[in-house]
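Trainee: Sequence:
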Amino acid sequence: MRFAGRRAVVTGGLSGIGEAVAKRIQAEGGRVAVWDMQGGIKTDISNHESVQAAAAETVRQLGGIDILVNSAGVAGPTATVVDLKLEDWHRTVAINLNGTFFTNRAVVPHMMAQNYGRIVNIASIAGKEGNPNASAYSASKAAVIGFTKSLAKELAKTNITVNSVTPAAVRTPIFDQIPQSHIDFMLSKIPMGRLGKVDEVASLVCWLASEECSFSTGAVFDV
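Under our numbering, the sequence shown has 182 at position 182, and the numbering climbs by one with no breaks.
Read the hints as simulated data drawn from the structure, not as lab findings.
Check each hint, because a few of them may be wrong.
[Stated by the list, open to error] List of simulated lysine to aspartate or glutamate pairs, EDC-like, C-alpha gap at most 20 Å:
no., residue 1, residue 2
1, LYS197, ASP222
2, LYS149, GLU200
3, LYS153, GLU211
4, LYS189, GLU211
5, LYS23, GLU154
6, LYS128, GLU19
7, LYS42, GLU28
8, LYS23, ASP184
[Claimed, not checked] Restraint-style ranges between C-beta atoms, simulated for each label pair:
no., residue 1, residue 2, range
9, SER214, GLY64, 13 to 21 Å
10, ALA56, ASP176, 48 to 56 Å
11, ALA113, MET192, 25 to 33 Å
12, GLN61, ARG2, 17 to 25 Å
13, ARG2, GLU87, 24 to 32 Å
14, LEU86, GLU28, 42 to 50 Å
Every residue gets a Cβ at the ideal spot worked out from N, C-alpha and C, and that includes glycine.
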């Protein structure tokens, strides 16, 4: 029961990695507020006012915030840089990068007030390697990694850790946004020759979100 008495926010917690993480935190004794466009505390993480309202409602419901797992994101378009529509670039960055900034910014004051917090931002291997025909996604996830490292160093003297997880291809509903040819490309880069499972990612995320992880911050963990 690692999360007994702990209060967690999981963005994108109604599907994929976020859902697996939310269920595991609850199974280990924690209380979870899901921020999602489809339910829970309905939240558009690309909108600052929406995120601020969600944070206030979470504190009202749970009494505070100890953990943030920022899992919400979009794949963005599969297109070359020269063919990429400007509105698709802006939307992908707004959700994946701005959403990370807004959600982290909203919870940090609550964590600082209690001198405890665990933040895990879900990035991607694409943010380290740069997948072809996925420049918006790759760039936004690379920025999530840089943001995570920066915030972690700002908070390093507190009891708040900030880490990122960079999964390879994991079968989630986000695959519905990606053509099979791009999925096949990602799979070809995985030495095991298979897709990852959401529970495998959740295992690592939940360690990072627990008190057990007390010396790792500003780090990037591949799955």
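Trainee: For each hint, tell me whether it holds in the structure or not.
Mentor: Okay, the hints, checked on the actual structure:
1. LYS197 with ASP222: Judged against 20 Å, a Cα distance of about 13 Å means the pair holds.
2. LYS149 with GLU200: violated, 23 Å
3. LYS153 with GLU211: holds, 19 Å
4. LYS189 with GLU211: violated, 34 Å
5. LYS23 with GLU154: Measuring from Cα to Cα gives roughly 30 Å; hence the hint is violated.
6. LYS128 with GLU19: violated, 24 Å
7. LYS42 with GLU28: Roughly 24 Å separates the two Cα atoms, so the pair is violated.
8. LYS23 with ASP184: Status violated; Cα separation ~29 Å.
9. SER214 with GLY64: 13 to 21 Å: Once the Cβ atoms are compared, 19 Å apart, the range 13 to 21 Å for GLY64 and SER214 holds.
10. ALA56 with ASP176: 48 to 56 Å: Hint violated: Cβ distance 32 Å, outside 48 to 56 Å.
11. ALA113 with MET192: 25 to 33 Å: At roughly 43 Å between Cβ atoms, MET192 and ALA113 fall outside 25 to 33 Å, so the hint is violated.
12. GLN61 with ARG2: 17 to 25 Å: holds, 21 Å
13. ARG2 with GLU87: 24 to 32 Å: Cβ of ARG2 to Cβ of GLU87: about 42 Å, so the range 24 to 32 Å is violated.
14. LEU86 with GLU28: 42 to 50 Å: Because 44 Å falls inside the window, the suggested range holds.
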